[in-house]
Amino acid sequence: MPNVPAASALPRRDQIRREAARLFAARGFLGVGVDEIGKAVGISGPGLYRHFAGKDAMLADLLIGISERLLEEGRRRAGGGDGPAAALDALIGGHVDFALDDRDLITLHDRELLNLKEEDRRTVRRLQRGYVELWVDVVRQAYPALADPAAEPVARAAVHAVFGLINSTPHSLGSNPGQGERSGQGERPGPGERSGLQRDGMAALLHALAHGAFAAAADAAVASPVAMIPATTGPATATD
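Position one of the sequence shown corresponds to residue 54 (my numbering), numbered consecutively onward.
A few of these clues could be false.
[As the list claims (entries may be wrong)] Cut-off 16 Å, straight-line C-alpha distance, at most; resulting in silico cross-link-like pairs (EDC-like, lysine to aspartate or glutamate):
id, residue 1, residue 2
1, 108, 173
2, 108, 67
3, 108, 88
4, 170, 109
Bear in mind the hints are in silico, worked out from the structure with no lab data behind them.
Put together the whole structure using the sequences plus the hints.
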């Protein structure tokens with residue numbers, strides 16, 4: 054049997070998703086044309102319209118799709134039945150895998166969410182809120198010090214902080230393989246790029262740091278319970 058490139062084993066729609074994410078992350082949504090995406094998957098630009106209505110539909114599919122995937126996988130991991138500590142460990146592992154394996158989508162979300170149509174952006178935000186609430190619930194079960202109602206804002210802040218930590222992977226690891234086109238856009242490497250860690254080493258480090266952050270939040274709630282009470286004045290901040 055002749056060798057077949059791995060990319061050709063993907064359904065055409067998935068090939069388009071992968072290449073659109075790569076190109077959007079490398080040069081920005083507005084800087085990539087339909088013809089370029091078509092060329093990357095070996096079809097004409099107009100041929101893409103058999104799979105997607107246009108670039109807007111591709112972006113919505115990518116960002117809504119990853120939000121749905123995270124929430125679905127998070128629910129599966131949290132419902133593993135081995136107790137809150139194991140559920141939290143599984144959630145962390147799943148998000149670390151996502152951050153290491155889908156860095157284009159993290160970059161895309163950071164830079165292009167505002168380019169979604171309003172209805173699609175609301176859908177992404179709704180899914181994200183569900184994902185955050187899932188984590189907050191599991192964290193508060195895993196750390197009794199955070200189960201007190203007064204400590205709920207601490208648990209929520211810790212979850213957002215851990216997401217920020219894990220999602221910084223695109224910046225700490227540099228470009229994904231095959232994203233050499235960034236170098237021609239005047240983009241300079243950040244101070245944390247090319248960390249030298251292999252994937253498994255980075256995964257283990259992120260895992261340990263996430264657990265450490267939640268333990269520190271629990272310790273802080275015990276040590277300074279008054280300081281953990283949120284201010285009652287000022288505008289409310291939406292949870293995304």
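Now the hints, each set against the structure:
no.	hint	in the structure
1	108 x 173	13 Å, holds
2	108 x 67	15 Å, holds
3	108 x 88	11 Å, holds
4	170 x 109	8 Å, holds
When the structure is compared with the earlier hints, no violation turns up for any of them.
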